[in-house]
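K.L.:
Read off the chains here:
2 protein chains.
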Amino acid sequence: MKARIHVTLKNGVLDPQGKAIENALKALGFDNVAGVRQGKFLEVDLAPGDAGAAKAQVDDMCQKLLANTVIEDYDIEIEG
Amino acid sequence: MKARIHVTLKNGVLDPQGKAIENALKALGFDNVAGVRQGKFLEVDLAPGDAGAAKAQVDDMCQKLLANTVIEDYDIEIEG
Chain A
1 MKARIHVTLK
11 NGVLDPQGKA
21 IENALKALGF
31 DNVAGVRQGK
41 FLEVDLAPGD
51 AGAAKAQVDD
61 MCQKLLANTV
71 IEDYDIEIEG
Chain B
1 MKARIHVTLK
11 NGVLDPQGKA
21 IENALKALGF
31 DNVAGVRQGK
41 FLEVDLAPGD
51 AGAAKAQVDD
61 MCQKLLANTV
71 IEDYDIEIEG
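Taken in sequence, the protein lines are chains A and B.
Here this note's numbering is used: position 9 in the first sequence is 9, and no number is missing along the way.
Here this note's numbering is used: position 11 in the second sequence is 11, and no number is missing along the way.
Source of the hints: derived by calculation from the structure; they are not laboratory data.
A hint or two may mislead.
As the list claims (entries may be wrong) - A short list of chain B residues far from chain A (calculated; beta carbon distances all over 12 Å): (1) 12; (2) 27; (3) 71.
As the list claims (entries may be wrong) - Chain A is faced by these chain B residues, among others (derived, beta-carbon under 10 Å): (4) 21; (5) 78; (6) 80.
No residue lacks a Cβ here, since even glycine has one placed at the ideal position from N, Cα and C.
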């Protein structure tokens, strides 16, 4: 069983890393880029079990360790 | 028009950051974690246009800047 987690900066939080990527893309000639936001993507392998319980557990992981909920949002998908 | 890009380490490439997260989760009591892989997630805003052309362009961005294709895979989704 696998959890796919996206951790992204909340809207309104400055993203200097995304801005740097945007500038680099423009310098390479990609002129139609209007903005870039960078986030994290995590794949967590879990022992087999109930999908609902797994989702609750991964939510707990995000709250405790994986995301800084002051400035970041997270999104969880459970597979298999 | 928005491109969602996942950049992940290829299978077989060591992921020390993922391993550190796995160890931290286990230290917090999440004993059923079997593995963690960390990747990057990018959202690129593009000027409106043809989805096929946008995908080709984002593929070019990944090859040139966003991914290190020696050790990383990437996956592109075009929205709206």
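K.L.:
Each hint needs a verdict: does it hold in this structure or not?
P.N.:
To see whether the hints hold, each was checked on the structure:
no.	hint	in the structure
1	12	holds, 15 Å
2	27	violated, 9 Å
3	71	holds, 16 Å
4	21	holds, 7 Å
5	78	violated, 13 Å
6	80	violated, 13 Å
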